[in-house]
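In order, the protein sequences belong to chains Y and P.
Under this note's numbering, the first residue of the first sequence carries the number 1, and numbering increases by one thereafter.
Under this note's numbering, the first residue of the second sequence carries the number 1, and numbering increases by one thereafter.
Everything labelled a hint here was simulated from the structure, so no lab data went into it.
Note that the structure is predicted; figures quoted are calculated from it, not measured.
Warning: the hint list may mix true and false statements.
Claimed, not checked - Here are the simulated DMTMM-like pairs of lysine to aspartate or glutamate, each with C-alpha atoms no more than 20 Å apart in a straight line: (1) P/Lys343 to Y/Asp137; (2) Y/Lys86 to P/Glu324; (3) Y/Lys86 to P/Glu366; (4) Y/Lys86 to Y/Asp50; (5) P/Lys176 to P/Glu63; (6) P/Lys69 to Y/Asp63; (7) P/Lys354 to Y/Glu70; (8) P/Lys396 to P/Asp22; (9) P/Lys343 to Y/Asp169; (10) P/Lys131 to P/Asp89.
Unchecked claim - Quick look at which bits of chain Y chain P covers, simulated, 3 or more residues with Cβ under 8 Å: (11) 52-66; (12) 69-79; (13) 84-94; (14) 163-176.
Heads up, the beta-carbon is just placed ideally off N, CA and C, and yes, glycines get one too.
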Amino acid sequence: MNAMVSDSMSSITIGSPEYAQVLDWLYREARLLDRGDFAAWLALMTPDIDYQMPTRSSVLPNDGSGFHPEFGLFSENYSSLSTRVKRLQTDQAWAEQPRSRTRHFIANVLVDRDACGAYHSTSSVLVTRLRSNRPMDLFSTERRDVLRTHDGALKLASRKILLDHTVLDAHNISIFF
Amino acid sequence: MQTGQLAQPVPQIANRLRDNTDLQELVSEGKAHISRRVYVDPEIFELEQERLFRKTWMFLAHESELPGKGDYVTRNLAGEPVVVVRGDDGVVRAFLNSCRHRGMRLCRADNGHMSTIRCPYHGWTYSKTGKLLSVFAPDLYDAAHLRKEALGLISVARLESYKGLVFGSWNEQVPKLEDYLGNMRFYLDLFVGRTDGGTEVVGIPQVWEVSTNWKFPTDNFTGDNFHLYSTHGSAVQLGLLPPDPMSLSFGHLIRAEGGHVLHVVPGPPDPAFEYFGLPRELIPHLQRNLSPAQLALARRYAFSVGTVFPNLSFMQVLIQGDRESPPSPFLSFRFWEPIGPTKTRVWSYLFIDKEASPEYRQASYETYVRTFGPSGIYEQDDLENWEECTRVNMGKVAQRYGLHHGMGAHLDPDKSFPGPGDAWAGSYGERTQLAFYGEWQRWLTQPQPWVRQ
Chain Y
1 MNAMVSDSMS
11 SITIGSPEYA
21 QVLDWLYREA
31 RLLDRGDFAA
41 WLALMTPDID
51 YQMPTRSSVL
61 PNDGSGFHPE
71 FGLFSENYSS
81 LSTRVKRLQT
91 DQAWAEQPRS
101 RTRHFIANVL
111 VDRDACGAYH
121 STSSVLVTRL
131 RSNRPMDLFS
141 TERRDVLRTH
151 DGALKLASRK
161 ILLDHTVLDA
171 HNISIFF
Chain P
1 MQTGQLAQPV
11 PQIANRLRDN
21 TDLQELVSEG
31 KAHISRRVYV
41 DPEIFELEQE
51 RLFRKTWMFL
61 AHESELPGKG
71 DYVTRNLAGE
81 PVVVVRGDDG
91 VVRAFLNSCR
101 HRGMRLCRAD
111 NGHMSTIRCP
121 YHGWTYSKTG
131 KLLSVFAPDL
141 YDAAHLRKEA
151 LGLISVARLE
161 SYKGLVFGSW
171 NEQVPKLEDY
181 LGNMRFYLDL
191 FVGRTDGGTE
201 VVGIPQVWEV
211 STNWKFPTDN
221 FTGDNFHLYS
231 THGSAVQLGL
241 LPPDPMSLSF
251 GHLIRAEGGH
261 VLHVVPGPPD
271 PAFEYFGLPR
281 ELIPHLQRNL
291 SPAQLALARR
301 YAFSVGTVFP
311 NLSFMQVLIQ
321 GDRESPPSPF
331 LSFRFWEPIG
341 PTKTRVWSYL
351 FIDKEASPEY
361 RQASYETYVR
371 TFGPSGIYEQ
381 DDLENWEECT
391 RVNMGKVAQR
401 YGLHHGMGAH
411 LDPDKSFPGP
421 GDAWAGSYGE
431 RTQLAFYGEW
441 QRWLTQPQPW
451 VRQ
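So that you can see chain P by itself, here it is in the shape it has in the complex (with noise of 0.2 Å):
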């Protein structure tokens, strides 16, 4: 270690497990290689609480949730309850959702409206500002054991949003927002900044738990598009998807900054599948709110998966819901929540433009819940898979082995593509896997993974 020569001494975190394990051997993204424990074992779980989800941005709501002066909604960031809400000033904010007095949940809906914010243990009460308004019998105490300023909400240490997308952090030093996303930002907006209005939450989310470590459905959602034809083959058979099982490999596979991930696939070629199968009247929208470059990029696809580090998934595709029913678009994000090493809370939410037709709004609907979520023909498949290789990746023996993610890991990015990044021609690969658990490996053994060097 060359420590001594840095301006300002970097502390030291231990990188071992207990039984002596190197954490830099649990993920080697030369040789493709990925230990199964990263899956399932409670110790690296402890770590990921400790040095990724309490130290990076977590996604916590949708500011089309709150729409309101007074409206919230409850979430967890990092595994601790905290309550979103929208002030009278219009300005959102987040609390860890715990009296100051005996740690009581404070809110306990999972949404409403509220004036003020009132503790049903023994009535404290807060403003929608975390101020500590009241007490019971506040004459009963010495005035100077009492410090009303001192007892507001605990605050989230940060919050910004993207083009909707709030997200939280408990660590104060976390970068800003839009320099964590980095140049995720120019692909993101394909999806969340493409129309004047911006996107909105249709409903509420879908939330269901699932026995499976969170870093399974995020690997899936980097861009996994080659379990299509495995995973996926009712569809082929019903004729869902089209027989040639290369036929969705002829895309990019995409490595933004920080971890961030993402495959662009094109449809078959007829404009009825360029720029996402969006509604035509949207189109000019796409025209104004993107830039040249990603408006070219826009035109050319019809499919896109990604993820922001650490787990917030997104998926833009066009297909269909039924046998009977044309191919809509629809666009869902997932927040996959990690509740223990080997159980996910899944948060799947579809957006729609605000511009939508009714009409589109509700085809786009339609798709969507017959084909993901819970009950979807194809995520149903998904879910069976996540769970099956999270039971079995707890297997001392087979702990033993190590996971292949070589597929196109040889092979060299091609210069000519368009946008920001690292992309890699053909959208079957495990690039965008291996950036994810390369950065997952960062933030796991590096003191302050946020600065980039």
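Bound conformation, chain Y alone (with noise of 0.2 Å):
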């Protein structure tokens, strides 16, 4: 994964306007996915949103960081999280009724902006999940956002989210990040 600050990006400091503003988005859009509004969730996407969680392995220092460039658990456009979004509202999305109980915790919230006036923020997620009786599954992620205007709104225009995990502990991903 390359960085993604580069030269004509200026860092927003902690505490100022803007950089509330991101971590309210944050915040509020992790609450629409731990109360299960996948509906609105999905409005604050952009029209051209990429969605990837690479997979990875685990490799010596020298071969980087192990994910993989083009190959992943996650590969999504606005119609295939539609298209999600849509499935959970079926009744018959069996792996989500009853519905997984969610929580994302966001940290470490570290925001740029481009020349374009977009927003890049990292974040440290864990995400907890519950269903039935089953033990709890944890994501332990870093998330790589960028957030940009469209039609007066903050949306997410891309998120990568990089898993800690290897071999991932949980039956399946029946969530989102």
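Take the two lone chains and join them into the complex the hints point to.
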């Protein structure tokens, strides 16, 4: 994964109004996911949303981070995210019936602004998932988001979910990150 | 028993569990009955390790995962770590991933590149062919007690590949891989032997652990097509599957030799669904690489799911990845690695024909990742099923009652089917499951199941 911050980026000070705006967006997005309001969540995406979760292997330091550049566990655009949301609205999406109970914990948020005014944030995101009476699933990730103003509101244009897991210890990924 | 009449005595093995249950009672092909214990019982899992996994061929890797000399991947063979490495001579070898000195795990990354294998613990160093090259402070040993030629890496007993699929076995006596695959090769070629360059792995396998017994996903991938309209009802509601619940029933269930099974299913009467929907520029490859009988079959079908006994499955399907994308074919291979009686590590690969265009490669990938694998809108629900089946079958009361596998079990094979093995008309049925469990029972109860009568 290449570093996203380049010379044309300006870093946004923690506690500034712009930082607060991004943080507010991230928290509100997480609340929609944890409350299961997926239709409202989908409305936060730009029409050209690029949503990726690369596969990862455990490799020696000289071989990099282990993330595969072109192969993942999610490779989504607006249509596929919308298909996933519609699926949850059917009455036969068994993996989410009963619904998983998730919690998105967001920390270590850093924000930069690019020359076009889009915000690039990196954050540590810990997602817990409980469903039925199964043991809790933990997903430990770094999220790299690009937020852009679209139709007068801040929307998610790109998200990379970088798992710390190489072997996922969860039977499925029926939730969003 | 009439073993006395045999020229060579066959070793006897105990065929009763500790509670005196006869292993023959666990599976009855004739009565289409399967005991729930086969999915959860630790004692049965131990027997599987001893009599099946350490005796048969198990999938290890695809040759394309090791493109260059010195490339390696680390895998498990019947629960023991192995390193699969391509030598300077281009030959792929596999060794127990363990130093002969203290047993330390040697290669600790999932994949990488090596010139030699050096143990992190005391520095014993091996070549890519497994020879012990050097030890730390050799002068401090009595030479007679350090015979390096006897301290090479422990080789996997047998390693062979079929059209890119690398298999290993801890059993010296297991038949040649080609013979083990038998007439299943006729069908495997439709997927891994159809194009000039064969297939390669896209990316790396998706790997995840599921609290299920390995036989549940395998059972599903023997060609269970009739779960689609209940398990994947959401896809029907989204318009991703045709509304008629019998629409995927018009194929055949095929029982090849040796417990290897599959189904083949036609799509709608439209040339776009012929040859599994592969891009038309690949069809001349099929014409060159397949026999006339294989080519005629390939032309008829859009979907096929099957299993190479015991736990390597494949799916060749033609579906939409989302509501707006056109259907695209993809080929996924699955290795259901048994970790414990109720724990399975899934290795899900996307394969692609090497000559595939970048556009087709991308479409195939996006379709696969959106529908199958842990996040796939189809497979999410399969995984939920396999875990819940496993959990419920742990119950001692539940175990008093066997499971029913009887769909189509009364039907006779369709003698007019042009491929090898026994084939039954209609792709909804449990003939392939019964064949799989029947073979599983042979391996658990016979001392030399690899010897075919």
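Point to revise | Outcome, coverage of the region 52-66 of chain Y by chain P - at least 3 residues whose beta-carbon is closer than 8 Å to one in that chain | key: Held - the region 52-66 of chain Y has 8 residues with a Cβ nearer than 8 Å to chain P, which meets the minimum of three.
Practice item. Would you mind confirming whether the straight-line C-alpha gap from lysine 343 of chain P to aspartate 137 of chain Y stays at or under 20 Å? Key: 15 Å, holds
Review point. Given the hinted pair lysine 343 of chain P and aspartate 169 of chain Y, is their alpha-carbon gap at most 20 Å?
Key: 11 Å, holds
Point to revise | Outcome, coverage of the region 163-176 of chain Y by chain P - at least 3 residues whose beta-carbon is closer than 8 Å to one in that chain | key: The restraint on the region 163-176 of chain Y holds, since 9 of its residues have a Cβ under 8 Å from chain P and three suffice.
Practice item. For the pair supplied as a hint, lysine 69 of chain P and aspartate 63 of chain Y, confirm whether the alpha-carbon distance does not exceed 20 Å. Key: Satisfied, since the Cα-Cα distance of roughly 16 Å is no more than 20 Å.
**Study point:** Given pair status - aspartate 50 of chain Y, lysine 86 of chain Y, alpha carbons within 20 Å
**Key:** Holds: lysine 86 of chain Y and aspartate 50 of chain Y sit about 18 Å apart, inside 20 Å.
Practice item. Examine the region 84-94 of chain Y for residues whose CB is less than 8 Å from any CB of chain P, and state whether their number is three or more. Key: holds (count 8)
Review point. Under the criterion that the straight-line Cα-Cα distance not exceed 20 Å, is the pair lysine 86 of chain Y, glutamate 324 of chain P satisfied?
Key: Cα-Cα ~13 Å, so holds.
Exercise for review: Decide if the proposed pair is consistent with the structure: lysine 354 of chain P and glutamate 70 of chain Y, CA atoms, cutoff 20 Å inclusive.
Suggested key: 16 Å, holds
Exercise for review: Starting from lysine 86 of chain Y, check that the Cα of glutamate 366 of chain P is at most 20 Å away, please.
Suggested key: 18 Å, holds
Check your understanding: According to a criterion of three or more residues whose C-beta lies within less than 8 Å of a C-beta of chain P, is the region 69-79 of chain Y covered?
Key -> That given contact holds, which follows from 9 residues of the region 69-79 of chain Y lying within Cβ reach (below 8 Å) of chain P.
**Study point:** 20 Å Cα cutoff - pair lysine 396 of chain P, aspartate 22 of chain P
**Key:** Holds - the C-alpha atoms of aspartate 22 of chain P and lysine 396 of chain P are around 17 Å apart, at most 20 Å.
In this structure, every one of the numbered hints holds.
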